[in-house]
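> Next come the chains, spelled out residue by residue.
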Amino acid sequence: MAFQRMWRALGALFLIAAASAAFMAAAWAQQAVPALAGRVIDQTATLSAGDRQALDAKLAAFEQRKGTQIVVLMVPTTAPEDIAAYANRVANTWKIGRRDVGDGVLVIVAKDDRRMRIEVAKTLEGAVPDLAAARIIDQQMKPAFRNGDFAGGLMAAADQLIARIDGEALPEVASASYEQRSLMDVDWEHLILFLFFGVLIGGPILRKLMGAILGPLAAGGLGGLLAFAFTSSLVVSGIAGLLALGYTLLAKPASFSGGGGGSGHGYGSGGWSSGSSSSSSGDWGDWGGGGGFSSGGGGDFGGGGASGDW
Amino acid sequence: MIRILKRWLPLALLAALLTGCGYNDFQRLDEASKSAWSEVLNQYQRRADLVPNIVASVKGEANFEQETLTKVIEARAKATSIQVTPETLNNPEAFNKFQQAQGELSGALSRLMVVAERYPQLQANQAFRDLRVTLEGTENRITVARNRYIQTVQEYNVLARSFPTNLTAMAFGYDPKPNFSVQNEAEISRPPTVDFEKK
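Keeping their order, the protein sequence lines are chains A and B. With the first letter of the first sequence counted as 1, position 257 gets the number 256 in numbering that gives the first Met the number 0; the numbers rise by one all the way through. With the first letter of the second sequence counted as 1, position 7 gets the number 6 in numbering that gives the first Met the number 0; the numbers rise by one all the way through.
This is chain B alone, in the form it adopts within the complex:
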């Protein structure tokens, strides 16, 4: 009996060690977060491709607010000019920059859509209404893709920081990955004030 134990215990220990160190989990989650990130980029690209169409259809409207339009164009140029490489994921600074640029484009686009409400002719235009639906769908997809990225990164980071897998992370140099946040955290955590009084 003891001899069997002597024979199999080291093997069992080795197996437990190999599965317990989480090396494979790191590989799996790293790959999962990369593909989730690709999906985020994919959807952002879809939005960037949509912007010229929206701008073109809005330009058809005479005397459309020029300022709003140029802001969208500039934000898109800025967002697409940022080079995104796989290293962006491991570089919090580049990640923040990218996120900020996309956030600006989000803001400019939603402002454009609000302004467009004031132009009845634009609202009656079927092509513009279709673009509006497409943009809305794209924004939804971006939200879902970001959510999934957030979840995989969370899993990865928990693995990278909890014992004993953090030892593996240290040994191989796996740092926690950056995650999405919002630019205006203070602003959105305050309840909005609604004021109907005319000034």
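Chain A on its own, in the form it takes in the complex:
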């Protein structure tokens, strides 16, 4: 009986939720943000495969050389939103541009609205100010689009954008050593905290388990090994190992019984593994230099750029 009532209540709740969701969808029928499938996304099937590849190759080569991500998106319409609002929403969802630099440009064409926009990330507002974006739209895109030559207009616009961004002093394209350096930067603080608590908890336990001499040695060795695994620096790991050794030597033995020691050890090892997994899964963008394209995730779009129509 009670179960039935509960089910009925749940069903009613579900209905209400579904109805309100449908209502919201009707009230806010914004265009969905398309998936970032490549550098050139054409939802209107306007560009031929060859044109698309040529444009993609140009943008890819530029990204390899300079690091800046330029994406071209063609949609049928942006209604009910203005193209500026839509472009900003898409750009801030994709966050194109390198993670640490945030250099991205989105060129967007709403074919049936006959409007286009160049949305520029904050980093590049100096290289491509609003006026420059407006000139590119007026001089490159507009005349070509009027003749129905979308590929030509987009190519010319891409050339202009590339020329402008080339003049800007942006950080070099990331290399392997650069990534390693930033790995150390990211991990420093976490590592110290992690080792500190690890030694604080693990040290007494090891000492209890393995004795007054062997325990500290094991703690020191383990601490040093872990530090080396994270930082790959001998000096840092040596210091960490010595600190762990010293603390465990001086600390009083843990005050719980042998049976407790076993379960305590289990807790300790849980701590280690969760710690290492959290630091290894740090916030790394899946930023492949090779074949596939994915957003660098650093672009911040504050409304810079210009719109136009044809």
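Rather than coming from a laboratory, the hints here were simulated on the basis of the structure. Check before you lean on any hint, since a few could be wrong.
Partner residues are not named here, just some residues of chain B that face chain A (Cβ under 7 Å, in silico) [said to hold, decoys possible]:
hint, residue
1, D129
2, V132
3, T133
4, G136
5, N139
6, R140
7, V143
A few chain A residues that don't get close to chain B, going by computed Cβ distances all over 12 Å [unchecked claim]:
hint, residue
8, W6
9, F13
10, A48
11, D111
12, L130
13, R134
14, Q159
15, V172
16, L216
17, L221
Label-pair restraints from in silico Cβ distances [to be verified]:
hint, chain 1, residue 1, chain 2, residue 2, range
18, A, V32, B, E64, 35 to 45 Å
19, B, N52, A, D55, 35 to 45 Å
20, B, G106, A, A78, 23 to 33 Å
21, B, A61, A, Q63, 48 to 58 Å
22, A, P75, B, V157, 31 to 41 Å
23, A, R64, B, P119, 37 to 47 Å
24, A, I238, B, R45, 47 to 57 Å
25, A, Q63, B, F195, 51 to 61 Å
26, B, R45, A, L169, 44 to 54 Å
27, B, A123, A, P170, 37 to 47 Å
28, A, D55, B, V114, 40 to 50 Å
29, B, E73, A, A48, 30 to 40 Å
Owing to the predicted nature of the structure, the values given are computational and were not obtained by experimental measurement. Every residue gets a Cβ at the ideal spot worked out from N, C-alpha and C, and that includes glycine.
With chain A held as given, fit chain B onto it using these hints.
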């Protein structure tokens, strides 16, 4: 086993309490909303700096509608005369006043741009066209900055009003922050009527 629990439970509880009360979240969101607000002001300032240039280039046009022009100048004077301090954020009345003044300037400027359409010479003037692009970009930036402010304030207010963080808000006196609204809510929620018949 029980002894371990006795030993670590209070520590764990304390840690949970400290992270659960949301004190740090309040600090983070308060700072975030302040910087979002600064960005809003920054963009409004950019617009205010632009207005004299627009006015000057429009004045060059002989017999430009004087009334529209003076309205822009007055609205700008009014908007820039309002002192904005960090306390404005916590004072809904001052906030509304500021917002209204900026709204008036928005209205006056868009009216000016519409009127300017009627002057072909002005439309051919490259300097004026550039100013128009700059103004449009500034308005877009204002919209984005306002949106971001709205979002951070929303987060802050949800934190300040939901349990259990509202207890922290009460204890430290964190009030919900004011947010942007529109002056003519009734007017814009009505669909526009389009009438092409000549009267």
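> It remains to establish, for every hint, whether it holds in the given structure.
Results of checking the hints against the structure:
1. The beta carbon of D129(B) comes within 6 Å of a beta carbon in chain A, closer than 7 Å, and the hint placing it at the interface holds.
2. Given hint, V132(B) at the interface with chain A, holds; its Cβ is 4 Å from that chain's nearest Cβ, closer than 7 Å.
3. At about 6 Å, the closest approach between the beta carbon of T133(B) and any beta carbon in chain A falls short of 7 Å, and the interface hint on this residue holds.
4. Checking G136(B) against chain A by beta carbon gives a least distance of about 4 Å; that is within 7 Å, so the hint holds.
5. Residue-level restraint check for N139(B) holds (minimum Cβ-Cβ distance to chain A is 4 Å; threshold 7 Å).
6. Of the supplied interface hints, the one on R140(B) holds, with its beta-carbon coming within about 4 Å of a beta-carbon of chain A, less than 7 Å.
7. A hinted interface residue such as V143(B) counts as satisfied when its beta carbon comes closer than 7 Å to some beta carbon of chain A; here the least separation is about 4 Å, so the hint holds.
8. Interface exclusion of W6(A) from chain B stands, the closest Cβ pair being 28 Å apart, more than 12 Å.
9. Remark: the non-interface label on F13(A) is consistent with the geometry, its nearest Cβ contact in chain B lying 24 Å away (cut-off 12 Å).
10. Interface exclusion of A48(A) from chain B stands, the closest Cβ pair being 34 Å apart, more than 12 Å.
11. The claim that D111(A) lies off the interface holds: its Cβ sits roughly 20 Å from the closest Cβ of chain B, which is beyond the 12 Å cut-off.
12. Residue placement check: L130(A) does not keep its beta carbon more than 12 Å from all beta carbons of chain B (closest about 6 Å).
13. Under the 12 Å C-beta cut-off, the non-interface status given to R134(A) relative to chain B is violated; the minimum distance is some 9 Å.
14. Non-interface call for Q159(A) relative to chain B: holds, since the shortest CB-CB distance, roughly 16 Å, exceeds 12 Å.
15. Remark: the non-interface label on V172(A) is consistent with the geometry, its nearest Cβ contact in chain B lying 29 Å away (cut-off 12 Å).
16. Residue placement check: L216(A) keeps its beta carbon more than 12 Å from all beta carbons of chain B (closest about 25 Å).
17. Consistency note on L221(A): stated as away from chain B, and its beta-carbon is indeed over 12 Å from all of that chain's, at 22 Å minimum.
18. Restraint check, V32(A) to E64(B): a C-beta distance of roughly 42 Å satisfies the suggested window 35 to 45 Å.
19. In this structure the hint that N52(B) and D55(A) lie 35 to 45 Å apart at CB holds, the actual value being about 41 Å.
20. With their beta carbons about 25 Å apart, G106(B) and A78(A) fall inside the hinted range of 23 to 33 Å.
21. One distance hint, 48 to 58 Å for the beta-carbon pair A61(B) and Q63(A), holds here, with the actual separation near 55 Å.
22. At roughly 36 Å, the beta carbons of P75(A) and V157(B) sit within the given window of 31 to 41 Å.
23. In this structure the supplied range 37 to 47 Å holds for R64(A) paired with P119(B), their Cβ-Cβ distance being about 45 Å.
24. Between I238(A) and R45(B) the beta carbon distance is about 50 Å. The supplied range of 47 to 57 Å therefore holds.
25. A C-beta distance of roughly 54 Å is found between Q63(A) and F195(B), which places it inside the suggested range of 51 to 61 Å.
26. For the pair R45(B) and L169(A), the supplied restraint of 44 to 54 Å is violated, since their beta-carbon distance comes to about 24 Å.
27. In this structure the hint that A123(B) and P170(A) lie 37 to 47 Å apart at CB holds, the actual value being about 42 Å.
28. At about 45 Å, the CB distance of D55(A) to V114(B) agrees with the hint of 40 to 50 Å.
29. Between E73(B) and A48(A) the C-beta distance comes to about 58 Å, which lies outside the given range of 30 to 40 Å.
Comparing the model with each numbered hint stated earlier shows that hints 12, 13, 26, 29 do not hold.
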